[in-house]
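Top to bottom, those sequences are chains A, B and C. Mapped onto our numbering, the consecutive letters of the first sequence carry residue numbers 1 to 536. Mapped onto our numbering, the consecutive letters of the second sequence carry residue numbers 1 to 94. Mapped onto our numbering, the consecutive letters of the third sequence carry residue numbers 1 to 95.
Calculated directly from the structure, the hints in this document are not laboratory data. Ideal placement from N, C-alpha and C gives every residue a C-beta, glycine not left out. Incorrect hints may have been included.
Said to hold, decoys possible - DEER-style ranges, computed between Cβ atoms:
no.: 1; chain 1: C; residue 1: 29; chain 2: A; residue 2: 479; range: 25 to 33 Å
no.: 2; chain 1: C; residue 1: 8; chain 2: A; residue 2: 246; range: 54 to 62 Å
no.: 3; chain 1: B; residue 1: 69; chain 2: A; residue 2: 246; range: 48 to 56 Å
no.: 4; chain 1: A; residue 1: 424; chain 2: C; residue 2: 34; range: 27 to 35 Å
no.: 5; chain 1: C; residue 1: 62; chain 2: A; residue 2: 75; range: 37 to 45 Å
no.: 6; chain 1: A; residue 1: 446; chain 2: C; residue 2: 62; range: 49 to 57 Å
no.: 7; chain 1: A; residue 1: 438; chain 2: B; residue 2: 90; range: 50 to 58 Å
no.: 8; chain 1: A; residue 1: 329; chain 2: C; residue 2: 8; range: 42 to 50 Å
no.: 9; chain 1: A; residue 1: 463; chain 2: C; residue 2: 4; range: 49 to 57 Å
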Amino acid sequence: MLKLQQKTTQTMLALHGWGAVIFGLLLYWVILTGTIAVFADDINDWASPLPAAITETFPLGTDAMLRKAAADVAPEYLDELIVFATAGGRIRAFFHTHAEAEDGEHPEEKGVLFVFDPESGDILQRFEGTQSEIEAQSHYGKLGHFLVEWHVQLHVPSPWGLMLTGILGLSLLVACVSGFAMHRHLIKDAFLRRRRGGDVLSHKDAHVMASTWNLPFAFILAFTGSFYSLAGAFAIPAIAMVAFGGDQEKLIETVQGLPPAEDPRPAEMANIDTMLEDVRAAGHRTRFLTVDHWGRQDARISVFPWQAEGELLPKGYAFDAQTGENLGEKPALGQSPSLGSDLVALMGPLHFGNFAGWLSKTVWFALGFAGAYVCISGLTLWVKRREQQKTWQYLLRATLWSAWGLPLALVAAAAAYLLQQAGVLAGAVEPLMFKAFGLCLALSGILAGIVRRVTGVRRILVISLGLGLCALVALRLLLGGPGWVSAATGGLTAVVVLDVALLLGGAWLLRREWRKTLALPEEPLIDTGDMEVNTP
Amino acid sequence: MAGTRTEKIWRFVLAGPLVLLATLIIMAGSSLWLPEGQAQVNNFVIPVVLLPAIWAVLFFYSVLDRLGRASVVIFILTAVHAALIAQHLLQAQQ
Amino acid sequence: MMLLLSIVVSALSVTALALRDPKRLRWRQKLARHGASPAKGFSPLPQRQRRWLLTAMLVPGVLLALAGMWASLMLWLGASLIYGWLLSEVLASRP
């Protein structure tokens, strides 16, 4: 696309190739888990549905639920409250305060977590303790959380995991720029996909074509993703130190606004249902809400809705806690609209693709899938170009292991979640998911290492994944999950759609492998003449 | 990326850890000269949002330009921002 | 509605570009010489028409941007790109 000096092209090629060899596999993990995590909420709805779909995320009666819970916690936990929906539409309310953690080094949230049935308003679960203690006990939403944590920080503790994913994001940025710079016929080759028995040219076309179409979004996702990781890992602390002389409170005041003067006198809270109704009347569906200083004169309430149809940027509304008056929209950062605030607000929808419900999530899922495909096809191409060198065959095996073994391990983790939920497996859900995941990954790794032919590795892993996806649906039904008729009549969209998607995905993989078995081992080689590989 | 072994090692160090460090310092330092805007957030929010871009520009520059010039330019940019930060922190202490 | 229309316009342009893509057809002819079934009825598009189709593919995006419909713009872009990739893969897998 660009006319570059030969030396520059070589540098770009080296960056692209070696960057992929070093970061490619981990990048694939992050991209694949991120792709699936686009549907994290829906996966939670699928795994732990209520008997019937809820009509509203926060129905009439939310106010009563919160009042009942507020009366049941120690006064210090009324300091902060965050309320949002979790698996199946259950309502999760976390009353908490910020306490010093046991190591005395970082503050930790401590309080009581309530899980409500949105229809009856009954308290389904109540956990008390520090956030990590609560998270270790709670169950709903953990499957989605497991996926998201892989994507966000590869389950490595903060800030190291964030730094790692931040660097992976930057390496993806380099791959986008170098790939764009060195590919000379971006538009002319956009439809060129020569299949020739799996030789270098076929692999090159597969990689180049997918990355050409995926380039704009790979760039956007790499940029926004590395922003999220690096901002959390060190950019925000660094800025806090420099611009605010290390004064975190001043930073928070600038970003969130001066808190009203401390006024601990008790005060009756206005009805939250009315506020939610107000947001609904403006065409929004509430996503979550926060309350500071519940039951005090200086209480503050904010409601954050999903984007209405046609909106890209998320919004937030502030309410007067005593009168219930809508104080209007509040910017993401600061007290008045600003470019900086809009830019930060833009990062979310661009990265998560959650601004237009199923439609945008499906598009983002497909784009992420293309990104994962680009990773694997690129690594395969690298090895194909070095087919005579035995050492690189290990990379090919590792690539196949990642490509198919990782999704297989995720299926195993999901199965562990379902089994724990049904009471078949005893113990906390997260360690069980880790065990199933690790075991499956280790087994597929051993397989990838010992099976003699590389094609055999792929065949075994693909067939296992195909069967695994189908088996997951069967397991869900066997363990007493809602059947398709009752799910369809109960309006449980996520259950039906994900079941169908899993079965279709499994069937497609099995059919693909079946056809590969039937196909001749080598298609006739054809001279490609002027259409040879054009990268140096 | 041709050159002697020493040049190659220096290029690697420059494009890797040093550019990352330079990015951090330039990002933090630019919060001191960027306009605040009415909401008083632009100066420190925009550098954080643009962090990946700052890094990418510095990285590709450090890889593609002549090694000597790239080192000097990146060093000057970093030094200026580091000086800004130092001055600001010293002032804050007084 | 605008969104759907934009995606349809771009998808049609991409389809036309893909079916009559010179490089793709040249490869198909090479395959045909070696016994595969030739791609019937499609001749490569002249450069000028390709440019027109390329413009037609991008115009909806420009219009959405001018109208400030940013959510639709992102959806249009994502959907069109994915369509282009999948179409090229499907065309390559079916002789």
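Original post:
Of the hints given before, which are not true for this structure?
Top reply: As far as the earlier hints go, 1, 3, 4, 5, 8, 9 are violated by this structure, in ascending order.
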